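Line by line, the protein sequences give chains X and B.
Heads up, the first sequence stops at 127 in our numbering, and the numbers go up one at a time, no gaps.
Heads up, the second sequence stops at 782 in our numbering, and the numbers go up one at a time, no gaps.
Just so you know, the hints here were simulated from the structure itself, not pulled from any lab data.
Source: prediction; values computed, not measured.
Worth double-checking, as some hints may not be accurate.
Claimed, not checked - Below, computed lysine to aspartate or glutamate pairings styled on EDC-like, alpha-carbon distance capped at 20 Å:
| no. | chain 1 | residue 1 | chain 2 | residue 2 |
| --- | --- | --- | --- | --- |
| 1 | B | Lys711 | X | Asp53 |
| 2 | B | Lys711 | X | Glu32 |
| 3 | B | Lys752 | B | Glu722 |
| 4 | B | Lys726 | X | Glu113 |
| 5 | B | Lys752 | B | Glu672 |
| 6 | B | Lys747 | B | Glu770 |
| 7 | X | Lys85 | B | Glu672 |
| 8 | X | Lys51 | B | Glu713 |
| 9 | B | Lys747 | B | Glu687 |
| 10 | X | Lys51 | B | Glu728 |
| 11 | B | Lys711 | X | Asp86 |
| 12 | X | Lys51 | X | Asp98 |
| 13 | X | Lys66 | B | Glu770 |
| 14 | B | Lys726 | B | Glu770 |
| 15 | X | Lys51 | B | Glu670 |
| 16 | X | Lys51 | B | Glu770 |
| 17 | B | Lys711 | X | Glu30 |
| 18 | X | Lys51 | X | Asp86 |
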Amino acid sequence: GQQLNQSPQSMFIQEGEDVSMNCTSSSIFNTWLWYKQDPGEGPVLLIALYKAGELTSNGRLTAQFGITRKDSFLNISASIPSDVGIYFCAGQQIIGNEKLTFGTGTRLTIIP
Amino acid sequence: EPEVTQTPSHQVTQMGQEVILRCVPISNHLYFYWYRQILGQKVEFLVSFYNNEISEKSEIFDDQFSVERPDGSNFTLKIRSTKLEDSAMYFCASRSQLSYEQYFGPGTRLTVT
């Protein structure tokens with residue numbers, strides 16, 4: 016089946032640092048979504064991307080839809096303590112396939 | 670802001686018992702989904718539902734699983750005879766006709782003993 020690999024698996028950073036993570040696939044996706052999950056809670060939608068090459072921001076978050084349609088990137092600028100959590104990418108092939116295929120996740124920890 | 674709600678937050682059941690997990694999607698949404706997440710793993714798709722029928726299901730969604738929209742607000746997932754490996758967080762999600770963005774509920778933690 017389709018696999019979405021995220022890297023890095025985990026990150027340990029200091030407050031105020033910028034963060035970059037990515038998601039790659041062997042398959043083409045027509046939509047990329049980025050979610051954040053806190054322990055014991057459901058994924059919360061951060062950003063949605065619909066076109067190859069698209070760059071979209073949501074506050075301190077910026078995400079890009081890779082030009083090959085097989086990857087996506089998420090950047091967080093000036094990290095703060097509430098950014099701690101697991102970040103998942105999710106890809107969607109719209110035509111006849113509504114399901115979200117989730118990535119393996121990147122766990123972000125902020126070192127005091 | 671409207672949100673997806675799920676009940677119960679935690680369900681403990683014995684192997685072989687039936688469970689029903691309940692969801693109230695966002696009110697103007699027409700597309701509904703169930704996903705599950707085994708502890709420490711990624712979120713996996715189970716089923717999508719639109720216009721009172723299943724549009725797609727995964728290999729996980731076998732004959733032991735069923736979904737229903739019994740009224741205008743609820744969306745349920747039933748597992749007929751639970752197995753130990755059904756222990757997981759189950760998330761309901763919904764989306765509107767106008768967007769492909771799926772919004773998730775807080776989940777139900779199912780523990781099968």
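Now for the hints, and whether the structure bears them out:
1. B/Lys711 x X/Asp53: At roughly 13 Å apart (the allowed maximum being 20 Å), X/Asp53 and B/Lys711 satisfy the hint.
2. B/Lys711 x X/Glu32: violated (26 Å)
3. B/Lys752 x B/Glu722: violated (25 Å)
4. B/Lys726 x X/Glu113: holds (10 Å)
5. B/Lys752 x B/Glu672: Violated: B/Lys752 and B/Glu672 sit about 30 Å apart, past 20 Å.
6. B/Lys747 x B/Glu770: Since the Cα atoms of B/Lys747 and B/Glu770 sit roughly 25 Å apart, the hinted pair is violated (cutoff 20 Å).
7. X/Lys85 x B/Glu672: Distance of about 30 Å is beyond 20 Å: violated.
8. X/Lys51 x B/Glu713: Within the cut-off at roughly 15 Å; holds.
9. B/Lys747 x B/Glu687: The given pair, whose Cα atoms are some 7 Å apart, holds under the 20 Å limit.
10. X/Lys51 x B/Glu728: It is violated: about 26 Å lies between the C-alpha atoms, which goes past 20 Å.
11. B/Lys711 x X/Asp86: holds (18 Å)
12. X/Lys51 x X/Asp98: With a Cα-Cα distance of about 9 Å, the restraint between X/Lys51 and X/Asp98 holds, given a limit of 20 Å.
13. X/Lys66 x B/Glu770: Cα-Cα ~14 Å, so holds.
14. B/Lys726 x B/Glu770: holds (19 Å)
15. X/Lys51 x B/Glu670: holds (18 Å)
16. X/Lys51 x B/Glu770: holds (14 Å)
17. B/Lys711 x X/Glu30: violated (26 Å)
18. X/Lys51 x X/Asp86: OK: X/Lys51 and X/Asp86 at ~18 Å, within 20 Å.
Against the hints set out earlier in the document, violations occur for numbers 2, 3, 5, 6, 7, 10, 17.
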